[in-house]
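Starting from the known structure of chain A, fit chain B onto it as the hints suggest.
Taken in order, these protein sequences are the chains called A and B. Be aware that the first sequence starts at 0, since it is given in numbering that gives the first Met the number 0, and climbs by one per residue. Be aware that the second sequence starts at 0, since it is given in numbering that gives the first Met the number 0, and climbs by one per residue.
Calculated from the structure, these hints are not laboratory results. Don't be surprised by glycine CBs; every beta carbon is placed ideally from N, CA and C. Possibly wrong hints are sitting among the right ones.
[Unchecked claim] Only pairs whose alpha carbons sit at most 30 Å apart, straight line, appear in this in silico DSSO-like list of lysine-lysine:
1) K27(B) - K133(B)
2) K73(B) - K1(B)
3) K27(B) - K114(B)
4) K9(A) - K73(B)
5) K39(A) - K9(A)
6) K62(A) - K1(B)
[As the list claims (entries may be wrong)] Across the chosen pairs, the derived CB separations fall in these ranges:
7) G22(A) - C112(B): 20 to 28 Å
8) S118(B) - D58(A): 38 to 46 Å
9) E35(B) - L45(A): 25 to 33 Å
Take a look at the letters that make up each chain.
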Amino acid sequence: MKARIHVYLKPGVLDPQGAAVAGALKNMGFDEVTAARQGKLIELDLDGSDTAAAEARVDEMCKRLLANPVIESYAVEIE
Amino acid sequence: MKSAVIVFPGSNCDRDAHDAIARVTGEKPAMVWHQESALPDGTEFVMVPGGFSYGDYLRCGAMAGTSAIIPAVKAHAERGAPVLGVCNGFQILIETGLLPGALMRNADLLFVCEKTPLSVENGNTQFTSAYGGKRDLVIPVAHHDGNYFADEATLDRLEGNGQVVFRYGRNPNGSARDIAGIVNERGNVMGMMPHPERAVDEFHGGTDGLPVFESLLGSA
Numbered sequence: 000m001k002a003r004i005h006v007y008l009k010p011g012v013l014d015p016q017g018a019a020v021a022g023a024l025k026n027m028g029f030d031e032v033t034a035a036r037q038g039k040l041i042e043l044d045l046d047g048s049d050t051a052a053a054e055a056r057v058d059e060m061c062k063r064l065l066a067n068p069v070i071e072s073y074a075v076e077i078e
Numbered sequence: 000m001k002s003a004v005i006v007f008p009g010s011n012c013d014r015d016a017h018d019a020i021a022r023v024t025g026e027k028p029a030m031v032w033h034q035e036s037a038l039p040d041g042t043e044f045v046m047v048p049g050g051f052s053y054g055d056y057l058r059c060g061a062m063a064g065t066s067a068i069i070p071a072v073k074a075h076a077e078r079g080a081p082v083l084g085v086c087n088g089f090q091i092l093i094e095t096g097l098l099p100g101a102l103m104r105n106a107d108l109l110f111v112c113e114k115t116p117l118s119v120e121n122g123n124t125q126f127t128s129a130y131g132g133k134r135d136l137v138i139p140v141a142h143h144d145g146n147y148f149a150d151e152a153t154l155d156r157l158e159g160n161g162q163v164v165f166r167y168g169r170n171p172n173g174s175a176r177d178i179a180g181i182v183n184e185r186g187n188v189m190g191m192m193p194h195p196e197r198a199v200d201e202f203h204g205g206t207d208g209l210p211v212f213e214s215l216l217g218s219a
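Chain A with its partners taken away, still in its complex shape (with noise of 0.2 Å):
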């Protein structure tokens, strides 16, 4: 099984990395770029094939590394 997980900033927190991306394309003649968020994407090879157990465990993984609930969402694929 593959873990797809997509980390970003939570709305409302500052993310000057998305605000350069956003002014840099806006440089390059992208008007419509009216802004940008930046985060990660982590893949995760897993062993078995229990999917609702495989995501229940990276949740976890989120929790306790991946993500820092503090200021980051995180969203879970499993496939």
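Frame of chain A; chain B shown alone:
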């Protein structure tokens, strides 16, 4: 005073911390590798030094916060004994949950390395008593992720409890309410981005960091 400095792969202020502690206490601190699971018997003060533990991968301090030695550092703090985290050490203490909030990328995205004016906001902690009422300091900072963040309720609580210990005179990183250093509610765990261990000798260009270590010596 028996002290310990925790050393992670990527720590680079561990020897400065060692020298500052040795100079003030007259005793060399134990250098404790992160894979140890216990502090040396009788350790009274623990310092988590600056650097780039684990290359700052994932989030600054996140990986170091899961090291084998961390439960012993937490137990030490929970006994009420003093723990000081500087720079990456501050980031690590935050990641372990010993201090509230988060330290984010500097608002202007620049690595900042300069002497920074600071004010002592609370001179009655066991880390600041030796300032003796002195309020204005200059201590160097050197970091990329020192932008302190917490929700408004947490910030209000920190201010109300006198947990904001140091504030920037000229905010170098976008830190909320110019916060440069905080203590936990109990007052025995302090984290700060500026480097007091780099301001303990006239050769460093100033000695405004010395009282942090002198305060601890007085409290032990």
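| Which numbered conditions among the earlier hints are violated in the structure presented, ordered from lowest to highest? | Hint 6 contradicted; others consistent.
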